[in-house]
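Novice: Here is how the chains run, residue by residue.
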Amino acid sequence: MPTMTVLIDSPPTAPYHVATIAALRHAIDLRVDRSSFVIDVVRTDAVDGIGDAVVIGPGTPYRDPRAAEDVITAARERGIPLVGT
Amino acid sequence: MLVEHARTLAGISDATHAEYNEAGTPIVTLLACSLNGVDIDITVLPGTRLSTIYGTRTATERTTCTYGLDSAHSHIVESFGMHIAAVDELGEVRAVERDDHPFFVGTLYQPQLASAPGAPHPIWRAFVAATAARRPHVH
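Which chain is which? The protein sequence lines are A and B, in order.
Just so you know, my numbering puts 37 at position 37 of the first sequence, and the rest follows in order with no gaps.
So the mapping is simple: my numbering equals the position in the second sequence, first residue as 1, plus 85.
Calculated from the structure, these hints are not laboratory results.
Don't take each hint at face value.
Which bits of chain B does chain A cover? Going by a derived footprint, with three or more residues having C-beta under 8 Å, they are [claimed, not checked]: (1) 88–96; (2) 102–115; (3) 136–145; (4) 197–209.
Some chain B residues flagged as far from chain A (calculated, every beta-carbon gap over 10 Å) [as the list claims (entries may be wrong)]: (5) T149; (6) H160; (7) S164; (8) I169; (9) D184; (10) T216; (11) A217.
Built from N, CA and C at the ideal position, the CB exists for glycine as well.
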């Protein structure tokens, strides 16, 4: 069950937070295996693992920019799909 | 992504994002003209992953960005595996990607703002497909 980690610090009701999660769901919902995907939304100051894919959401300044960089480094080094917007 | 690239690969160990007001070398700086809430026309560079994803040479995207790659350091996005994938009308970098990675794309616009039910933005569609490909038991 692939987990997509969305690193985003804005509140869940913030427009760009809502749009990011919605856009992922739009893409997942077209797939026959849509029920197998998990979206895990975490703040930069609470990240614990990066799952099978990473979204670096909009919204700098981050609460913990070094943690965000560490996630990017890990995704880059491990070949984990990553999108940053 | 740009700061991480600068710090860990491009040899600018004190690279910073100007928004944080930290000491160091600002790689991402305040744009002369804010692009917050603006639609921009981008040109996707041929031969890039992004060109395959879009399937078109140009696109219009919504951006909320007020910061961008500092022009004095623009060379770093053509080094150590990173490449420019799209530029705007002024030739400014709007997207980057890595050629040494299955799927590593960064945009200085927000493709999530151009996605709708039944019509996902191609970047998100490709990203989900790349995630599934990494887990081969998912079809």
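Novice: Could you let me know if the closest chain A CB is still more than 10 Å away from the CB of A217/B?
Specialist: violated, 7 Å
Novice: Taking a Cβ-to-Cβ distance below 8 Å as contact, does the stretch 102–115 of chain B have at least three residues touching chain A?
Specialist: It holds: at least three residues are needed, and the stretch 102–115 of chain B offers 3 whose Cβ sits within less than 8 Å of chain A.
Novice: D184/B: least C-beta distance to chain A exceeds 10 Å?
Specialist: holds, 12 Å
Novice: Do three or more residues of the stretch 197–209 of chain B come closer than 8 Å to chain A, measuring C-beta to C-beta?
Specialist: holds (count 11)
Novice: Counting residues of the stretch 88–96 of chain B with a beta carbon closer than 8 Å to any beta carbon of chain A, are there 3 or more?
Specialist: holds (count 4)
Novice: Against chain A, does T149/B hold up as non-interface, every C-beta pair farther apart than 10 Å?
Specialist: It is violated; T149/B is separated from chain A by about 6 Å at its closest Cβ, not greater than 10 Å.
Novice: Far enough from chain A: is every CB of that chain over 10 Å from the CB of I169/B?
Specialist: holds, 15 Å
Novice: H160/B: least C-beta distance to chain A exceeds 10 Å?
Specialist: H160/B is indeed farther than 10 Å from all Cβ atoms of chain A, at 19 Å.
Novice: Within the assertion that chain A covers the stretch 136–145 of chain B, do at least three residues meet a Cβ-to-Cβ distance smaller than 8 Å?
Specialist: Contact hint for the stretch 136–145 of chain B vs chain A: violated, 0 residues under 8 Å.
Novice: Against chain A, does S164/B hold up as non-interface, every C-beta pair farther apart than 10 Å?
Specialist: holds, 14 Å
Novice: Does the no-contact call for T216/B survive, Cβ to all of chain A over 10 Å?
Specialist: violated, 4 Å
Checked against the numbered hints above, the structure violates hints 3, 5, 10, 11; every other hint is satisfied.
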